[in-house]
Each structure stands twice: as C-alpha cells, then as structure tokens.
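J.: Here's the letter readout for the chains.
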Amino acid sequence: MLISVNISLPGPSTPSRRALPPQLVQFGTDELVLIELQGALEVEGNKDGQLVGKLRVDPATKKPTLLIGHHLLEGKLVNLSKPLAVMHRYDHTTSSDAHGAEDDAMNLDREGSQRPAENDARRWDIVAVVKRKMVFSRRPMPIVGRPSGSAGAPLSRIGSKP
Amino acid sequence: MSQAAEFDLRFSSASQAETGSFKLLELPPELCKLIEASVDGTNCPSFTIKGAPDEDAVLCTTDKTYTVRSVVLSNSVCVVTRDPADDVAEGDEEMKDVAIRDQLSEIIELIPSVPRLHKLSALLRGREYDEGHEDDEEMSEDENGVPIKRRRFTYEDARAMIQASDGELDRGLRDRRVLILKGELRPIAPSHLTAILELILTSLVSDSLSYSSAPVSTLLSALEGEHDIRRDVARQVMAWFGSISKQDGAEIWEMDADAVVREVGLGILRAHRDDPVIEKEFLAQWRKAVGDTFEERVSLTLLSGNYLTSSDTLSDPPIPLFTYFPSAALPVEPGARFAELFLTRPRWKADEIVPFLSDIAVDSKERDKLLLKHARAITDSEGIWYTARAKYNA
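Protein chains in written order, with full-length UniProt numbering: chain F, 1 to 162; chain X, 1 to 394.
Some hints could be false.
Straight line, CA to CA, 30 Å or less: simulated BS3-like cross-link-like pairs of lysine-lysine [as the list claims (entries may be wrong)]:
| id | chain 1 | residue 1 | chain 2 | residue 2 |
| --- | --- | --- | --- | --- |
| 1 | X | Lys96 | F | Lys47 |
| 2 | X | Lys119 | X | Lys349 |
| 3 | X | Lys96 | F | Lys76 |
| 4 | X | Lys373 | X | Lys119 |
| 5 | F | Lys131 | F | Lys62 |
| 6 | F | Lys76 | X | Lys33 |
| 7 | X | Lys33 | F | Lys131 |
| 8 | F | Lys47 | F | Lys76 |
| 9 | X | Lys96 | F | Lys62 |
| 10 | F | Lys54 | X | Lys96 |
| 11 | F | Lys131 | F | Lys82 |
| 12 | X | Lys33 | F | Lys82 |
| 13 | F | Lys63 | F | Lys82 |
| 14 | F | Lys63 | X | Lys119 |
| 15 | X | Lys119 | X | Lys280 |
| 16 | F | Lys82 | F | Lys62 |
| 17 | F | Lys131 | F | Lys76 |
| 18 | X | Lys288 | F | Lys131 |
| 19 | X | Lys33 | F | Lys62 |
| 20 | F | Lys63 | F | Lys47 |
Hint data in this document are derived by calculation from the structure and do not stem from the laboratory.
Whole structure, please, built from the sequences with the hints as guidance.
T.: Okay, structure coming up:
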C-alpha cells in the first residue's frame, strides 16, 4: 500500500490561506498554531462550531491565557526540540480549504474536478512545519465572580466552595 | 486591537467531519531542511508511506527510508487555524474567531532505517533471465500444455511492495544485477552476466575501442550482431559496470575495469563452491578470460569476501586452494553470521575474517565491536586467531 505525502506549505508558488491574527502567529506559523492541553476537551453531542473558551494573549508579557467556563488556564510558549510537520488528509470534499472561501461557484468547480481527486484518496498534505507550541500545563484556576464572556456558562463545581 | 488580544476559540464548523484528518509528524533535521528548501525552491519533494498491512510502515524520501512509529502523548494537542468555512476575504485580522480543527493525542516519529530490500530476492525467484530466455517468452505452459501468461513482476510492483526509497531500490536492483526489460524485473543469471562481460572485453579489443571512452552504439551493435545479445540487456549491463555519458551527441561508455575484472573472476570462482581450485590454475584461467589488456588488473583483493583459502597438505610443498564462499550468501544477523563462519572454520585469522564482516558493519569500529561480542581472540606465535565465543552446538 502506498500513501503519498505532499508538501503544500504556503510559499511564493502557493497562494496564502487564511492568516491567523498576529498575536497568535508568534506561537506557531502564519496559519496554524498548536495548543497543548493537559487532558482533552470532551464535548457531548455535536461540537461543530461550539465555543470552547476565550483565548487571550497579554500584549505586554505575551503570556497566553485560556478561559474555559469559570476555569482559567495559564499557558506559555514552548520551543519544540524537533520541528513537527502538520499533515492534513487530502479529501476532495474538504479540498476547499486550499481555496479559502466556499460558495456556489466553488462547488460547481469542484464537481467538475472531482474525478482526478478520487485517485488521490490516500494522500496527505504537509500544511505546516511548526517549531513552537502553546502549552497549558498548569492546573486550571477557578475564577469566581468575574463576568464571563459567554452568558449562561455552567457554574464550575471546583469554584463553587466559598 | 492590540489591547484586546482576545479570541474566541471554537471547534471548527466542520469539526465532526474533520476528526482524525490531521496528524503530527516529528521531523528529523535533514527532512526539515528538505521541506523548508522546497518553499522557496522549485524542487518540491514528495514523500511516500509504504507498507503492507502486516508490516511496520516506513516513510520514504527520494533517497532515504525512515521507520514510522506512533508515540502516544499524555496531553492532547489542538490544531488551531482560521475556520475554513468562515467567508471573510478582507480584514481577516479583525476576525475574533479561531477554530480547533482536530485534537490529537499521538505524534508520529521517524527513525532512520536501512532499506528493506530482503523481500526482493524472494519476489524475484524464478524470474531469472538467462541465455535460453532471449526470446523473452512471456508465455509458459501449464501441465496440460496450454500456454499461460507468466505474471509479470514489474518495477512499479517493486516500488509499491519494497519498503525502500526509489534511490535505494534502484541501487538494490543494480547491486543484485536485476535487469528491467520492458518494465519487468528479471535478475540476470550470473553465468550469462559473466559471458556478456567477456564478450564486451573481446569486442573492445577486436574493434580496438578504448575502455575508458567506448562509443555505446558501436559496442551494442557488435554485441547484437555477432553474439545475439539484446541491446537493452547489454546496455543495462554496461551501465552497471561503468558510466554512460553524452559527448558531442554520441553516448560514451566509461568502463569500470576493476568491476568487470572482478565479476569475471567471480564467474570462474562460482564453479568451485564444493571442489576447491588450485590458486595458480584459477589465476591463469582468470587472466585468460579477461584478456591481455586487463591481465594486470587481476588481483585477489578484488574478490575479498568471496573465497576461502586452504592448502592441500597431502602434496609437498602444500598447494594453496580456493573455494567459492560469498559473504552475500551468509546471514545478515551478526550472531547467525558468526555461528555460520565458525561452523565453516573453527578459527580465523583477523585478516581472513574481516572481509566476511564488512557488509554487516558500517565501519571498522563497529566491526571490532562485533568481533569482541561474538568471537574470542587468542594470540599465539602466528598472531591473533578468532574462535567461537560459545559452543552452541557442542
């Protein structure tokens, strides 16, 4: 079995995809940031488009913080000892990633070019080479009595003791 | 804007569908350089992951092979980008949303590995190309005499099945003397190879061509016209034993004389696997086979690692004898190789055993380590002898 791995990094030859805000770019690349969490985010039901939390980058200290519900996580910038290539499965239904926008014209275009893409079903693209990551390794701090960005967020049990 | 560096971290709007569509690959420094060089350059490298379901996968560049290993992380890593579904062309930076595309809990490690070519010999068994096969019959007959088509094993098949990079596969095929005839892989019969090489040497002499710059087309025509050697066969043999380059529009072959002389010598030696040949007779036969021009290149060092010496003690003075003993046919695994070597001979002189270790140790340091581990050194008046460390079959 053969799986081909192509390199599709943004460069002079490839049009840039959607750039991240400059405050986040310093933690990764122009387009992609890796955020490492202790444990995992678990969601019940469909998570598509769901809000996870507020990600802040202090403009002075450059420290990132992540507020999830009533929990505040403090993060830091970690340089990777070995760079990581981020591979994305090439799939003709999501190939619009490369084009950025998604509209009807695009859909028509894709229908026409679907055939050759099927041959490439087993293909991965290296979309970024990352040398840094944002790590949230400390225990979350409960935040009490602070107006949360998202109204109606469930009250955390850890923070509920007076 | 710079004051409120605050973003809404969301799962991407296609998060459910995209789960599992990202992977992290740890890059060894040389691979990272290769990838980064491709960004501003024109040469875009492409990698291939190869492996049957029962094999460990490898990742191949054009000339290297890496073992692929998955390492589980205790933390999880979120891949965060802009949401690809958000339709904002201009003023991107004003957007407050960033999207988690996938959550990962493993990374893929790459470990440099030797090409896994050992499967080749099994796959190529029974496909040998010999003198008799020159019509290249693609049909053979089954037991009822009905012609059936022999299944071809092509270069493309080998590329898909052999866990090695293209460069390493090509080198492996060359080292194993495998012809590519109309895309099909056919290892050449050693005796036929020797015959072709001898014919090349004769043709060079009879047409008074220089072996360091022989016109390829003249040589191919001579071999085809006088000896019925197919052009594509002769051409590949010439490429193995020298280099073909273009000069003034014509192709010129520069022969690797030592390699040709060596192969011819091996061809003669091969007949003496079980019955030893007298050194003098062997050398005379070898010199005769390569002809006057190359006679002085005949040297036993060319064949090191392929023969054993012994002496016929019944005659007086003792006559040195040669036996064909190729190190390529010995086990690759060091322990097994030493066991085999000490079965063949209970004790070895250092300079005798060294040629049989050169293909399993990358340098002399590693070789000495192997000797230290698997053999016992004994010093007597004649020098250092190596004997088996453990008597496994005592």
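J.: Please go over all the hints and tell whether each is borne out by the structure.
T.: Going down the list of hints, with the structure as the test:
1. X:Lys96 x F:Lys47: Satisfied, since the Cα-Cα distance of roughly 19 Å is no more than 30 Å.
2. X:Lys119 x X:Lys349: With Cα atoms ~34 Å apart, Lys119 of chain X and Lys349 of chain X exceed 30 Å; violated.
3. X:Lys96 x F:Lys76: holds, 21 Å
4. X:Lys373 x X:Lys119: holds, 28 Å
5. F:Lys131 x F:Lys62: Distance of about 17 Å is within 30 Å: holds.
6. F:Lys76 x X:Lys33: holds, 27 Å
7. X:Lys33 x F:Lys131: holds, 13 Å
8. F:Lys47 x F:Lys76: Holds - the C-alpha atoms of Lys76 of chain F and Lys47 of chain F are around 26 Å apart, at most 30 Å.
9. X:Lys96 x F:Lys62: It holds: about 18 Å lies between the C-alpha atoms, which stays within 30 Å.
10. F:Lys54 x X:Lys96: holds, 10 Å
11. F:Lys131 x F:Lys82: holds, 7 Å
12. X:Lys33 x F:Lys82: At roughly 12 Å apart (the allowed maximum being 30 Å), Lys82 of chain F and Lys33 of chain X satisfy the hint.
13. F:Lys63 x F:Lys82: The hint holds at about 23 Å.
14. F:Lys63 x X:Lys119: violated, 53 Å
15. X:Lys119 x X:Lys280: violated, 39 Å
16. F:Lys82 x F:Lys62: holds, 23 Å
17. F:Lys131 x F:Lys76: holds, 14 Å
18. X:Lys288 x F:Lys131: violated, 64 Å
19. X:Lys33 x F:Lys62: holds, 29 Å
20. F:Lys63 x F:Lys47: holds, 27 Å
In terms of the numbered hints stated before, the structure departs from hints 2, 14, 15, 18, listed from lowest to highest.
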